[in-house]
Amino acid sequence: MTYLAPTTLNEALAALSAGAPSVIAGGTDWYPAQGTRPVKRDLLDVTRIEGLRAITRTDSGWRIGAASTWSDIIRADLPRAFDGLKAAAREVGSVQIQNAGTIVGNLCNASPAADGVPPLLCLDAQVEIGSIFGIRTVPLEEFIMGVRQIDLAQGELVTAILIPKTTDTRRSGFVKLGARKYLVISIAMVAVTCEIENGVLRKARIAVGACSPVAQRLHALEAALEGKSPEAAAPLLQIAEFSQLAPIDDVRGSGVYRLDVLRALISRALMEAAYG
Amino acid sequence: MDDGSIGFCLNGNPAQSVAHGHVRLSDVLREEMGAKEVKIGCNAGDCGACTVLIDGLPVCACLTSVAQAQGRDVQTLRGIDLVLLGKLQASFSAHQAAQCGICTPGMMISAAALLKEVPQPNIAQVQDALGGVLCRCTGYRKIIDAVVAVGAPVAGAAAKGAVGDPIARVDAACKVDGSERFGDDVAPEGALVALVIRSPFPHAGFEFGDLDAVRALKGIEAVLTADDIPGVNLFGTIPGFIDQPVFALRETRFKGEAVAAIIGEADVINAYDTDYFPVTWQELPAVQDVSAAQTRDAPQLHEEHENNVMCSGFVAHGDIDAGLRAADIVLSGRFETSFVEHAYIEPEAGFAEMVQGRLHLHVCTQAPVMNQEALAGVLRLSKDDIRIVPTAVGGGFGAKLDLTVHPFLALGAMVTGRPVRMAYSRVESMATSTKRHPGRITIKGGVCKDGLLTGLSFDGDFNTGAYASWGPTVANRVPLHASGPYRVPNYRAAAKGVYTHCPPAGAFRGFGVPQSAIAQESLFDELAEAIGMDALDFRLLNALDNGVPTVSGQVFAQGVGIKPCLEALRPAWEVEKTACATFNKTSSHLKRGVGVAGGWYGCGNTSMANPSTIKCGLRSDGTLVLHQGAVDIGQGSNTVISQIFAQSFGVAVEDVVLVGADTDLTPDAGKTSASRQTFVTGNAAKLSGESLRRQVLTLVNAAEDAQISLGTGTLEMSGGHVVDLSRMEVGEDGYVMRAVASYDPPTEPLDENGQGVPYAQFGYTAHLAVVEVDTQLGTIKAVRIVAAHDVGQAINPLLVMGQVQGGVAQGLGMALMEEFIPGRTENLHDYLIPTIGDVPPIETLIIEEPDAHGPFGAKGLGEHALIPTAPAILNAVHNATGVRLRHVPALPHRVRAALKEAGYE
Numbered sequence: 024m025t026y027l028a029p030t031t032l033n034e035a036l037a038a039l040s041a042g043a044p045s046v047i048a049g050g051t052d053w054y055p056a057q058g059t060r061p062v063k064r065d066l067l068d069v070t071r072i073e074g075l076r077a078i079t080r081t082d083s084g085w086r087i088g089a090a091s092t093w094s095d096i097i098r099a100d101l102p103r104a105f106d107g108l109k110a111a112a113r114e115v116g117s118v119q120i121q122n123a124g125t126i127v128g129n130l131c132n133a134s135p136a137a138d139g140v141p142p143l144l145c146l147d148a149q150v151e152i153g154s155i156f157g158i159r160t161v162p163l164e165e166f167i168m169g170v171r172q173i174d175l176a177q178g179e180l181v182t183a184i185l186i187p188k189t190t191d192t193r194r195s196g197f198v199k200l201g202a203r204k205y206l207v208i209s210i211a212m213v214a215v216t217c218e219i220e221n222g223v224l225r226k227a228r229i230a231v232g233a234c235s236p237v238a239q240r241l242h243a244l245e246a247a248l249e250g251k252s253p254e255a256a257a258p259l260l261q262i263a264e265f266s267q268l269a270p271i272d273d274v275r276g277s278g279v280y281r282l283d284v285l286r287a288l289i290s291r292a293l294m295e296a297a298y299g
Numbered sequence: 060m061d062d063g064s065i066g067f068c069l070n071g072n073p074a075q076s077v078a079h080g081h082v083r084l085s086d087v088l089r090e091e092m093g094a095k096e097v098k099i100g101c102n103a104g105d106c107g108a109c110t111v112l113i114d115g116l117p118v119c120a121c122l123t124s125v126a127q128a129q130g131r132d133v134q135t136l137r138g139i140d141l142v143l144l145g146k147l148q149a150s151f152s153a154h155q156a157a158q159c160g161i162c163t164p165g166m167m168i169s170a171a172a173l174l175k176e177v178p179q180p181n182i183a184q185v186q187d188a189l190g191g192v193l194c195r196c197t198g199y200r201k202i203i204d205a206v207v208a209v210g211a212p213v214a215g216a217a218a219k220g221a222v223g224d225p226i227a228r229v230d231a232a233c234k235v236d237g238s239e240r241f242g243d244d245v246a247p248e249g250a251l252v253a254l255v256i257r258s259p260f261p262h263a264g265f266e267f268g269d270l271d272a273v274r275a276l277k278g279i280e281a282v283l284t285a286d287d288i289p290g291v292n293l294f295g296t297i298p299g300f301i302d303q304p305v306f307a308l309r310e311t312r313f314k315g316e317a318v319a320a321i322i323g324e325a326d327v328i329n330a331y332d333t334d335y336f337p338v339t340w341q342e343l344p345a346v347q348d349v350s351a352a353q354t355r356d357a358p359q360l361h362e363e364h365e366n367n368v369m370c371s372g373f374v375a376h377g378d379i380d381a382g383l384r385a386a387d388i389v390l391s392g393r394f395e396t397s398f399v400e401h402a403y404i405e406p407e408a409g410f411a412e413m414v415q416g417r418l419h420l421h422v423c424t425q426a427p428v429m430n431q432e433a434l435a436g437v438l439r440l441s442k443d444d445i446r447i448v449p450t451a452v453g454g455g456f457g458a459k460l461d462l463t464v465h466p467f468l469a470l471g472a473m474v475t476g477r478p479v480r481m482a483y484s485r486v487e488s489m490a491t492s493t494k495r496h497p498g499r500i501t502i503k504g505g506v507c508k509d510g511l512l513t514g515l516s517f518d519g520d521f522n523t524g525a526y527a528s529w530g531p532t533v534a535n536r537v538p539l540h541a542s543g544p545y546r547v548p549n550y551r552a553a554a555k556g557v558y559t560h561c562p563p564a565g566a567f568r569g570f571g572v573p574q575s576a577i578a579q580e581s582l583f584d585e586l587a588e589a590i591g592m593d594a595l596d597f598r599l600l601n602a603l604d605n606g607v608p609t610v611s612g613q614v615f616a617q618g619v620g621i622k623p624c625l626e627a628l629r630p631a632w633e634v635e636k637t638a639c640a641t642f643n644k645t646s647s648h649l650k651r652g653v654g655v656a657g658g659w660y661g662c663g664n665t666s667m668a669n670p671s672t673i674k675c676g677l678r679s680d681g682t683l684v685l686h687q688g689a690v691d692i693g694q695g696s697n698t699v700i701s702q703i704f705a706q707s708f709g710v711a712v713e714d715v716v717l718v719g720a721d722t723d724l725t726p727d728a729g730k731t732s733a734s735r736q737t738f739v740t741g742n743a744a745k746l747s748g749e750s751l752r753r754q755v756l757t758l759v760n761a762a763e764d765a766q767i768s769l770g771t772g773t774l775e776m777s778g779g780h781v782v783d784l785s786r787m788e789v790g791e792d793g794y795v796m797r798a799v800a801s802y803d804p805p806t807e808p809l810d811e812n813g814q815g816v817p818y819a820q821f822g823y824t825a826h827l828a829v830v831e832v833d834t835q836l837g838t839i840k841a842v843r844i845v846a847a848h849d850v851g852q853a854i855n856p857l858l859v860m861g862q863v864q865g866g867v868a869q870g871l872g873m874a875l876m877e878e879f880i881p882g883r884t885e886n887l888h889d890y891l892i893p894t895i896g897d898v899p900p901i902e903t904l905i906i907e908e909p910d911a912h913g914p915f916g917a918k919g920l921g922e923h924a925l926i927p928t929a930p931a932i933l934n935a936v937h938n939a940t941g942v943r944l945r946h947v948p949a950l951p952h953r954v955r956a957a958l959k960e961a962g963y964e
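Protein sequence lines, in the order shown, are assigned to chains A and B.
Going by my numbering, the first residue of the first sequence is number 24, and it counts up by one from there.
Going by my numbering, the first residue of the second sequence is number 60, and it counts up by one from there.
Think of the hints as simulated: they come from the structure by calculation, not from any bench.
There could be a bad hint or two in this list.
[What the hints assert, rightly or not] Listed below are the simulated DSS-like cross-link pairs for lysine-lysine, each with C-alpha atoms no more than 30 Å apart in a straight line:
no.	chain 1	residue 1	chain 2	residue 2
1	B	K219	B	K175
2	B	K219	A	K204
3	A	K63	A	K204
4	B	K959	A	K204
5	A	K109	A	K204
6	A	K63	A	K109
7	B	K636	B	K508
8	B	K277	A	K204
9	A	K63	B	K95
10	B	K175	A	K109
11	A	K63	B	K636
12	A	K109	B	K840
13	B	K503	B	K644
14	B	K277	B	K508
15	B	K644	B	K840
16	B	K219	B	K146
17	B	K442	B	K277
18	B	K503	A	K251
19	A	K204	B	K175
20	A	K188	A	K226
21	B	K644	A	K204
22	A	K204	B	K503
[Said to hold, decoys possible] Where chain A lies over chain B, by a calculated footprint (3+ residues, C-beta under 8 Å):
no.	region
23	200–213
24	835–843
25	949–957
[Stated by the list, open to error] If you anchor each label on the Cβ, the simulated ranges turn out as follows:
no.	chain 1	residue 1	chain 2	residue 2	range
26	A	Y298	B	A351	51 to 59 Å
27	A	G278	B	G71	33 to 41 Å
28	B	V414	A	N33	54 to 62 Å
29	B	P247	A	G278	22 to 30 Å
All values reported here derive from a predicted model rather than from experimental measurement.
Glycine included, each C-beta is placed from N, C-alpha and C at the ideal position.
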């Protein structure tokens, strides 16, 4: 096997089209998955690619380069709509994991419990994908297709997350439920972004993770909350249906439990966004 | 970048690695650059033991490819700014923030990174910064204290180290500077590596293919199977229950059971894909539940054990039926506990080599002499031909009593004639090491309206897994302890160990007593409530006392300390009852509650010989040497035994040179288990110190209370006596004077009803827990723990606190999050232990009711510390919510289901 650590994107894309190396960045998912088995595939390390580790403002919004770490997100100067994403970043694993792990790696790993997905769904994130044939972008909803399944062909590399312009007034919140304080995989999590105008919710976006194979926006609930005060959400949540979700039973909790606590988690995320 | 030439800066110096780019930085640092202060606990980013700084930021070296270090600045503990490092070391030592020391480098380097940014951090900042490093010994609070206090003046340590002095541990320095050497730190360069082939199924038949083809591979030196065992292919711990094969023969009985081992050059073994090992498996029906295992149709694990029952224990006292009939109220309950993993941060590891025809095994172990005896049988060697040198032990808690890597290393070294090393992977460790027995318990208790207990019956089935290990000890101990430290006039308790196709359950801090305490202490709360009595008053009313018989009919004339422990909780109890009620008045979904529980634990083996021997001597140059064979697994026996010895001989601890543990150098001090080292080995140390002192005094006819001071080649005593050691004849072991003394606790056999003298002493405890329950989510947060412990005499109060706080953290984990599911939670991200953010402030209240037999009145402590924690937490949850949880761990989904059933929205 060969370890490739290109310094330019073109080199990386050429290597990807020439072979089928595993892509590695922070290694926080790759090494645990590899365990003690011998490494047989070539590895492509994207952390030395020039310009890939950067969080920048663009004409159309924000660009989070594919080698940006969770710590980079936490430290970046971003509008309050990103507070939920920052909160998620602070709750990923530990400081050690945040310093190495990348948010793009979190998307590409495509775990149902990926903490980065719900906040990014609420930010209408797009995924930028490069190959030697050019660049394409895909909405995050479509990029993650299932458990460990992503819309990434051989020869392609995720190069960035693109987030459209957001107002300075858009607020956000994130609530993670785990069985201990640090180093914990989410039982469930909820992200919210919203505007508050004259005390009522506008354009709220709510996304739920670890309750379906891929984290999902709750469009019906979002619509129902339009124009309502955050306090008025509670009765609406009581009657809300989550038929689009299909949480499973696992060692962290039962599916029944995940659905059961969802109302409380959404309510708390909404309050955090509105008043946090 | 090309493989094979990766340069970076390591601790300020240029470093060059020849490893492939993908190799974990942790492996390169340890194996290529000798930076053994970088510890490997999980290879998955779950434990943080391998934390290093890259360009100043903490990362897990196990998740970092060495290629990513190219051109960067890498710092291990030894590369930290010396001024800061010095302050951290002083603070960690003074606060006893290091116990076993395996997590210490990761903790300290994380702390160093924080302190660079935040010179005076608060508790929350310390928790956030150290949240990625797991510790299994300390309960974290002393670590938090140490980091918060960095830079604050360190209180002058009591220099002498007399009994009762809270001195820093004698081995603190090497634990805080990274030089401590654990099981995987000691193998010589070029040692062969052992790799074990294991069953992928809970129950399977298997056949080997062409093993010679593997043997023929370049760099493979041996392939070992059951055919290669020179002696008896069985090991175990209890006579009559030696039933576990080193290598399975035709059939495996749990997932992870060994069938073969490959011994080869390190690079060859690292590159060997076990999928290609020539073995075919046939999965067979498995039974993993104790109830199912006892049905007629269940597969039988061991022919001679009908219905898979391994053995049972029984205690009867008074007349249980009459006792329950006489009660005004009888309540019963069914409780269930889970497999609990020891989760020491150091996986099992060691190396073996042949030295002048003898086998030397360097290994992390709690029981060197037991290991020596077990290996002698397997290898068909005489005990004298085996030397066990315990390395530093990175946590044990019971599972490092059993053989683990030992036979593979020993056999490998014998067959190849070369040193052989291995360290279990985290998955291998968790899949195959022993566990705490899951208990399925039915308990029934009767009480009169005046609050007096009239009777208690207890029935427990314990899942002992595929092999016996310490299961018989659990079956015997539980009925003797299931009454708790209370006067129960009419009592019947039965416990059974049942074989299943699970990993062996064995010794784990408390040998089944933490499980039985959950049932008994929960039931006691219910009984108290039923008669309208305060939970603490109820316990005090029924508590044992001097002169009151235990359930085995044993009567202690002195030293029964449960009442003072319970009384010590009263101030916090009264305050918290009111505070919780006040909190709950205005809180909607957060509910607070307070709970108490008592506990006791008999120190040492149950009605069995259990001796320890300690040797000491004076050299002609005036050196005083203590041969201390009680393995220090972090609990502090090196320090405690030294304090007892120094006091007995009459010098300061710093005058004592410590030797051991090492089966060639130290006499048998027994195993580090059953809370016996302070008590049993402590007594042996006291006797040997006193014996040597008498020899010295007699020599010059000095007074009994003469002060001794050690000089160079001389001993000076008050009264003007001087002994010129340098002119004395050098005798055995190179000493001019020596003493060897043994101590065996006075116990007596039990009759068929479990009546007799099972233990020479018990230690007593009572804990108070305050919890906050989120009724919407079912999560439980511990807010405060108060732990009262009767230790007879605290030899070292700092170490007492260390044992207590670490035990509390394990009890908390058992109550709230720890559930080992065979084949499913074999890593430290699916199996959760408490992190630094989960353990609340712990107040340790030391009670000293001197024991008649303990050295200076001291009692053992290790296991006591976790026994009452879980039931105190469960009782606090009931106090907060009115909901009684009978299944641990109280995971959020279980708690929420119980809350909903009770009508919570």
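Hints, verified against the model:
1. At roughly 35 Å between alpha-carbon atoms, B:K219 and B:K175 are farther apart than 30 Å, so this suggested pair is violated.
2. For the hint linking B:K219 to A:K204, the alpha-carbon distance of about 41 Å lies beyond 30 Å, and the restraint is violated.
3. Annotation: proposed proximity of A:K63 to A:K204 is violated, straight-line Cα distance about 36 Å (limit 30 Å).
4. The straight-line distance between the Cα atoms of B:K959 and A:K204 is roughly 24 Å, inside the 30 Å bound, and the hint therefore holds.
5. This hinted pair checks out: A:K109 and A:K204 have alpha carbons roughly 17 Å apart, not beyond 30 Å.
6. Between the alpha carbons of A:K63 and A:K109 the distance comes to roughly 36 Å, so the proposed pair goes past 30 Å and is violated.
7. Using a Cα cut-off of 30 Å, the hinted pair B:K636 and B:K508 holds, with the two alpha carbons roughly 23 Å apart.
8. At most 30 Å may separate the alpha-carbon atoms for a hinted pair to count; B:K277 and A:K204 exceed this at roughly 48 Å.
9. Between A:K63 and B:K95, the direct Cα distance comes to roughly 27 Å. Compliance with the 30 Å bound is thereby established for this hinted pair.
10. At roughly 23 Å between alpha-carbon atoms, B:K175 and A:K109 fall within 30 Å of each other, so this suggested pair holds.
11. Restraint check for A:K63 and B:K636: the C-alpha separation of about 61 Å exceeds 30 Å, so the hint is violated.
12. A hinted pair counts as satisfied when its Cα atoms are at most 30 Å apart, and A:K109 with B:K840 qualifies at roughly 24 Å.
13. In summary, the hint linking B:K503 to B:K644 is not supported, as the alpha carbons are separated by about 34 Å, beyond the 30 Å threshold.
14. For the hint pairing B:K277 with B:K508, the CA-to-CA distance comes to about 79 Å; that exceeds 30 Å, so the pair is violated.
15. Of the pairs offered as hints, the one joining B:K644 and B:K840 holds, with about 19 Å between alpha carbons and a cut-off of 30 Å not exceeded.
16. Between B:K219 and B:K146 the alpha-carbon distance is near 23 Å, which keeps this suggested pair within the 30 Å criterion.
17. Taken as a hint, the B:K442 and B:K277 pair is broken in the structure, with Cα atoms around 35 Å apart against an allowance of 30 Å.
18. Pair hint B:K503 plus A:K251 does not hold up; C-alpha atoms about 54 Å apart against a cutoff of 30 Å.
19. A hinted pair counts as satisfied when its Cα atoms are at most 30 Å apart, and A:K204 with B:K175 qualifies at roughly 24 Å.
20. Only pairs whose Cα atoms come within 30 Å are accepted, and A:K188 paired with A:K226 is accepted, the gap being roughly 14 Å.
21. Restraint check for B:K644 and A:K204: satisfied, since their Cα atoms lie roughly 27 Å apart, inside the 30 Å limit.
22. Taking the CA atoms of A:K204 and B:K503, the gap is near 37 Å; set against the 30 Å cutoff, the hint is violated.
23. With a cut-off of 8 Å between beta carbons, the region 200–213 of chain B has 0 residues touching chain A; three or more are needed, and the interface restraint is violated.
24. Given a C-beta distance limit of less than 8 Å, the hint that chain A covers the region 835–843 of chain B holds, as 4 residues qualify and 3 suffice.
25. Remark: the region 949–957 of chain B is confirmed as covered by chain A, as 5 of its residues place a Cβ nearer than 8 Å to a Cβ of that chain, reaching the required three.
26. Take A:Y298 and B:A351: their Cβ atoms lie about 52 Å apart, and the range 51 to 59 Å holds.
27. Between A:G278 and B:G71 the beta carbons are some 53 Å apart, a value that contradicts the proposed interval 33 to 41 Å.
28. Between B:V414 and A:N33, the C-beta spacing of about 59 Å keeps the proposed range 54 to 62 Å intact.
29. Take B:P247 and A:G278: their Cβ atoms lie about 53 Å apart, and the range 22 to 30 Å is violated.
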